[in-house]
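Counting from 1, one number per residue, gives the positions in the sequence shown under the numbering used here.
Quick caveat, the hints were computed from the structure, so don't treat them as lab data.
Incorrect hints may appear among the rest.
Unchecked claim - Once the Cα atoms are required to be at most 30 Å apart in a straight line, the calculated BS3-like pairs of lysine-lysine come out as:
1. Lys-170 x Lys-240
2. Lys-197 x Lys-120
3. Lys-170 x Lys-140
4. Lys-140 x Lys-55
5. Lys-78 x Lys-120
6. Lys-78 x Lys-11
7. Lys-170 x Lys-197
8. Lys-55 x Lys-11
On a predicted model such as this, the values are computed, not experimentally measured, just so you know.
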Amino acid sequence: SVESLLGMVPKERVEDVIYFNPGDMEMPIGLNLFEFDTEDQQDFLIQESIAMLYKLYDPGHTGIIGPRFESWFRNGAKTVMSDPAGSSFLDVQQVFIDQAFADEKIKYLTNRVVLDFWNKEMSQTSESAKGEILGWFASKFGAFLGNDMLRNVIGQTKSGFNLREIMDNKKILLVNLSKGRTGELNSQLLGMIFVMKFQAAAMGRANMPEDQREDFTLYVDEFQNFATESFATILSEARKYRLSLVLANHFMTQL
1 SVESLLGMVP KERVEDVIYF NPGDMEMPIG LNLFEFDTED QQDFLIQESI
51 AMLYKLYDPG HTGIIGPRFE SWFRNGAKTV MSDPAGSSFL DVQQVFIDQA
101 FADEKIKYLT NRVVLDFWNK EMSQTSESAK GEILGWFASK FGAFLGNDML
151 RNVIGQTKSG FNLREIMDNK KILLVNLSKG RTGELNSQLL GMIFVMKFQA
201 AAMGRANMPE DQREDFTLYV DEFQNFATES FATILSEARK YRLSLVLANH
251 FMTQL
């Protein structure tokens, strides 16, 4: 569909088009999950990342992930996101397995709760107990690290485009998540990342008067593949931020 739409863009709008095609391995465009402007946005992106991992590994919440994983992930994410030079989703695992890398990131931390996690909880955990948990924790990043296409896209610390800018300036973003090109897992994960980035960008509009928010429409085909539990939040709250949704799927049970 996206390739057909590309041919329909009127001449005067060609310069406004951003085409995201993760199947292009030669020139991958970055999509950094961990870019944020406010602390609220940071918390939202971390929570959404956890929801994405649940959807991927533990959709029934049977304990495959659970509270301990969430605690490690949340503290690791806040640690790498404190670096003003930027960080990526893939750095969260690195901060637990590479002490030099961890020290480099921890020096930017000001959050007392996260500092206590490293100075008290982690420093008092024995190496053998840490090693046991670490293998289980790191395994949840296998789908991303062992996958060239995903690593090329989400491993970059700077995104190739700014979704807030696209929304505010009436640009056209076309995202090609064809399963034939990207594979089912990549398509699902990148779709979920886009949905959460759009939600964060829309909610970031809280800092501008409502009458200045430009209408923006997000079309999501096969949207059941990309919906985490918080998709309900977009449905109930995105309207006031002038984000409209057109969601397509095939049958009611997918909802």
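We went through each hint and held it up to the structure:
1. Lys-170 x Lys-240: Given pair Lys-170, Lys-240 holds - Cα atoms ~17 Å apart, limit 30 Å.
2. Lys-197 x Lys-120: violated, 33 Å
3. Lys-170 x Lys-140: violated, 37 Å
4. Lys-140 x Lys-55: Holds, at about 12 Å.
5. Lys-78 x Lys-120: holds, 16 Å
6. Lys-78 x Lys-11: This hinted pair is violated, its Cα atoms lying about 44 Å apart.
7. Lys-170 x Lys-197: Holds. Lys-170 to Lys-197 sits at ~17 Å (cutoff 30 Å).
8. Lys-55 x Lys-11: violated, 40 Å
Taken one by one, the earlier hints fail for this structure at numbers 2, 3, 6, 8, listed in ascending order.
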